[in-house]
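Fit chain P with the ligands to the known structure of chain R by using the hints.
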Amino acid sequence: MSKAILNVKGLTKNFGGIKAIDKVDLDIHPGEIVALIGPNGAGKTTFFNCLTGIYTPSEGDITLRNPESGKETRLNGMKPNKITEQGMARTFQNIRLFPTMSVLENVMIGRHCRTKALIFGAVFRNPATRREEEEIIATSYDILKKVGLHKQVDEEARNLSYGAQRRLEIGRALATEPFLLLLDEPAAGMNPKETETLVTLIREICKEGHSILLIEHDMKLVMSLSDRIFVMDYGKKIAQGTPEEVRSNPAVIKAYLGEDVDA
Amino acid sequence: MFPVKELKRSFLISIWFAFLTFPIMVIKVDPIERTVLWRWDNMFFIAFGSFVISILAKVYLLRKERRAGRKKAKKDIAEPFVQRILREPRFLYPLSLAVLVLALVFPMFFSTYQTNIMTTALMYVVLGLGLNIVVGVAGLLDLGYVAFYAVGAYSYALLNLHFGLGFWAVLPIGGLFAAFLGVLLGFPVLRLRGDYLAIVTLGFGEIIRLILENWNDFSQGPSGIANIPRPGFFGMDMSFASGITYIYYIVVALVIITIFVVNRLQNSRLGRAWLALREDEIACQAMGIDKTKTKLIAFSLGAFWAGFVGVIFAAKTTFVNPASFTFLESAIILSIVVLGGMGSIVGVIFGALILILMPEYLRALSEYRMLAFGGILVVMMVFKPDGIISNVRRSYRFKKHHSKEVIEP
Ligand SMILES: Nc1ncnc2c1ncn2[C@@H]1O[C@H](COP(=O)(O)OP(=O)(O)OP(=O)(O)O)[C@@H](O)[C@H]1O
Ligand SMILES: [Mg+2]
Chain R
503 MSKAILNVKG LTKNFGGIKA IDKVDLDIHP GEIVALIGPN GAGKTTFFNC
553 LTGIYTPSEG DITLRNPESG KETRLNGMKP NKITEQGMAR TFQNIRLFPT
603 MSVLENVMIG RHCRTKALIF GAVFRNPATR REEEEIIATS YDILKKVGLH
653 KQVDEEARNL SYGAQRRLEI GRALATEPFL LLLDEPAAGM NPKETETLVT
703 LIREICKEGH SILLIEHDMK LVMSLSDRIF VMDYGKKIAQ GTPEEVRSNP
753 AVIKAYLGED VDA
Chain P
8 MFPVKELKRS FLISIWFAFL TFPIMVIKVD PIERTVLWRW DNMFFIAFGS
58 FVISILAKVY LLRKERRAGR KKAKKDIAEP FVQRILREPR FLYPLSLAVL
108 VLALVFPMFF STYQTNIMTT ALMYVVLGLG LNIVVGVAGL LDLGYVAFYA
158 VGAYSYALLN LHFGLGFWAV LPIGGLFAAF LGVLLGFPVL RLRGDYLAIV
208 TLGFGEIIRL ILENWNDFSQ GPSGIANIPR PGFFGMDMSF ASGITYIYYI
258 VVALVIITIF VVNRLQNSRL GRAWLALRED EIACQAMGID KTKTKLIAFS
308 LGAFWAGFVG VIFAAKTTFV NPASFTFLES AIILSIVVLG GMGSIVGVIF
358 GALILILMPE YLRALSEYRM LAFGGILVVM MVFKPDGIIS NVRRSYRFKK
408 HHSKEVIEP
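Quick note, the sequences are listed as chains R and P, same order.
Counting from 1 along the first sequence, just add 502 to a position and that's the residue number in the numbering used here.
Counting from 1 along the second sequence, just add 7 to a position and that's the residue number in the numbering used here.
Chain R extracted, bound-state conformation:
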């Protein structure tokens, strides 16, 4: 197996006296779809927030390795925007789009960290800037096509349906050209049909060479989609393995699955 693109060692996050995350290890290899599951309040979102620099971890190491250049970066204490530049992008559990900007503009914002024009380019619109702007629009449009929103480019993001907003968030994250995509409950609030489209979309994204780490409560989705699963409870990692292994793990059943899954 090739080297891990994300390597988390002993990650701990304290909020005052509470250990929201307690010495969690996790690794993701290129091309994998990995799920992070656990009961409510287990610390999954906090884990994402530590990875993406929104929280600073209390202890532990997070290392990101670019699969192409092989460059390794320690993410601890880095600013969120720098981390995104390294090639890891995310979506949010409580959707965080730019509500009054158009669908296209939302994705265009994702292109920000891969483009350069500043004041000079904005004012003088030199050829390089114009080309860059065209590239931003074209790429964003292509991404919208992929997530199935190209018919609503001019719509304000807040007017989209719930499922469409979740897909737009994925599109926006894709625009930053990540090799690792973190999805926080992408299927939350979706109806079965929307979930099905989402599963197809995630598979497609994975096939195009993005690795995926996703948090999800929909067990059917998790079991069918993931190569490996990590299970957290009360901030600790209690199990990891293939869907089959996790499904039959007594600790997991005790903590969480129990009656949830008719496995």
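One should not assume that every hint holds.
Partial list, computed: chain P residues near chain R (C-beta under 8 Å) [claimed, not checked]: (1) V268; (2) L272; (3) L277; (4) A283; (5) I289; (6) A290.
Straight-line C-alpha distance at most 20 Å; calculated PhoX-like pairs for lysine-lysine [what the hints assert, rightly or not]: (7) K618(R) <-> K298(P); (8) K300(P) <-> K618(R); (9) K581(R) <-> K300(P).
Calculated directly from the structure, the hints in this document are not laboratory data.
Given the structure is predicted, the values throughout are model-derived calculations rather than measurements.
Where is the CB? At the ideal position from N, CA and C, for every residue including glycine.
Positioned in the frame of chain R, the structure of chain P with the ligands alone reads:
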């Protein structure tokens, strides 16, 4: 049109009110005469009045609901007339041209006094557009904007006093000084949000004014600096009147440049980042936008324009003192942006013209001038909370054949 159910409700409300107010409004006990007066007509007025008011309120609410519903259903219909004109180049360009011609011939048809007032108004247009970048577009509430204006004005006054530098030389320097100060202030301060940022910038504005007032050796204190030369024109001597006309044209040119630059900035990668920053900072950072840098650029660009106008202000009045740079000034510029429509260039232009010209022409009301001014502001904000002209949303045209079928990984 008006549902019967609501009529019934209003009727019940009116009876309820009449009943509630019965003891105070109807019964009047005269303790001396030891009689009780029954004022039944009062009861009638109350019942009738509350009935009418409740219906009016209901009609208003219904309308509002219906309007909101319609807006959701079909946005294009709800799009106001002005917005449609602004969106269509076919209307917009001839209109701008007409306004431009009007602006150019203005001094020929109006007195020096009028021209002077118009110059002031146009200076506030530029100030408003500058602050609009900071407050309207990037969403950073800056209450100390006047400080940068003061820096521009004093740059010219002092550089001229000590080094004899002319207007044209100081014009860019004043802007750069202000922008530099913007960066200096912005660095520690821009990590604050909303109200906190507002308070700190407010304090900063006052600090600058207090420095100018008290540091006599540097700024000549409250008495200010006088005899600042007007802008030169290839060393020509100009009469007072033509001097005023000259400054007017300089300001018109500055307005045009400002509109051009601000418009381009708004429709650029940077402008989009500012808008996004206003909407959700965390999402912005997660999308790879450098929050500090982007805010700092907005802040210092805003300051740059203020510095620019400050230099012109000093040249126009030929006299500066700290009293010109009080908090009230910041408040007026902020009102221009808010009243005109946050983020909307045309809105800000209208806002500036209305806010600056109106008090001049309200002089007839003498003492009640500020009262009327305040009243109009309040009424406007109640009826048009988004400002006079809200921002026109941009839509992008694409060349579809340009788009590649796959995105790069
Ligand atoms: N900023 C914070 N300050 C204090 N406590 C926090 C903070 N963020 C999260 N927590 C706590 O950390 C724990 C884990 O929360 P987290 O949101 O990570 O759970 P989760 O696994 O994502 O749950 P869910 O499935 O409901 O989304 C919770 O007990 C929560 O109250
Ligand atoms: Mg969560």
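Cross-check of the supplied hints:
Proximity of V268(P) to chain R holds as hinted, the smallest CB-CB distance being about 5 Å (cut-off 8 Å). Because the beta carbon of L272(P) sits about 5 Å from the nearest beta carbon in chain R, less than 8 Å, this interface hint is met. With a least beta-carbon distance of about 5 Å to chain R, the hint placing L277(P) at the interface is held under the 8 Å criterion. The interface hint given for A283(P) holds, since its Cβ lies 5 Å from the closest Cβ of chain R, which is under the 8 Å cut-off.
Taking 8 Å as the C-beta contact cut-off toward chain R, the hint placing I289(P) at the interface holds, the least distance being around 6 Å. Checking A290(P) against chain R by beta carbon gives a least distance of about 4 Å; that is within 8 Å, so the hint holds. For a cut-off of 20 Å, the pair hint linking K618(R) to K298(P) stands: about 15 Å separates their Cα positions. Taken as a hint, the K300(P) and K618(R) pair is honoured in the structure, with Cα atoms around 13 Å apart against an allowance of 20 Å.
For the hint pairing K581(R) with K300(P), the CA-to-CA distance comes to about 12 Å; that is within 20 Å, so the pair holds.
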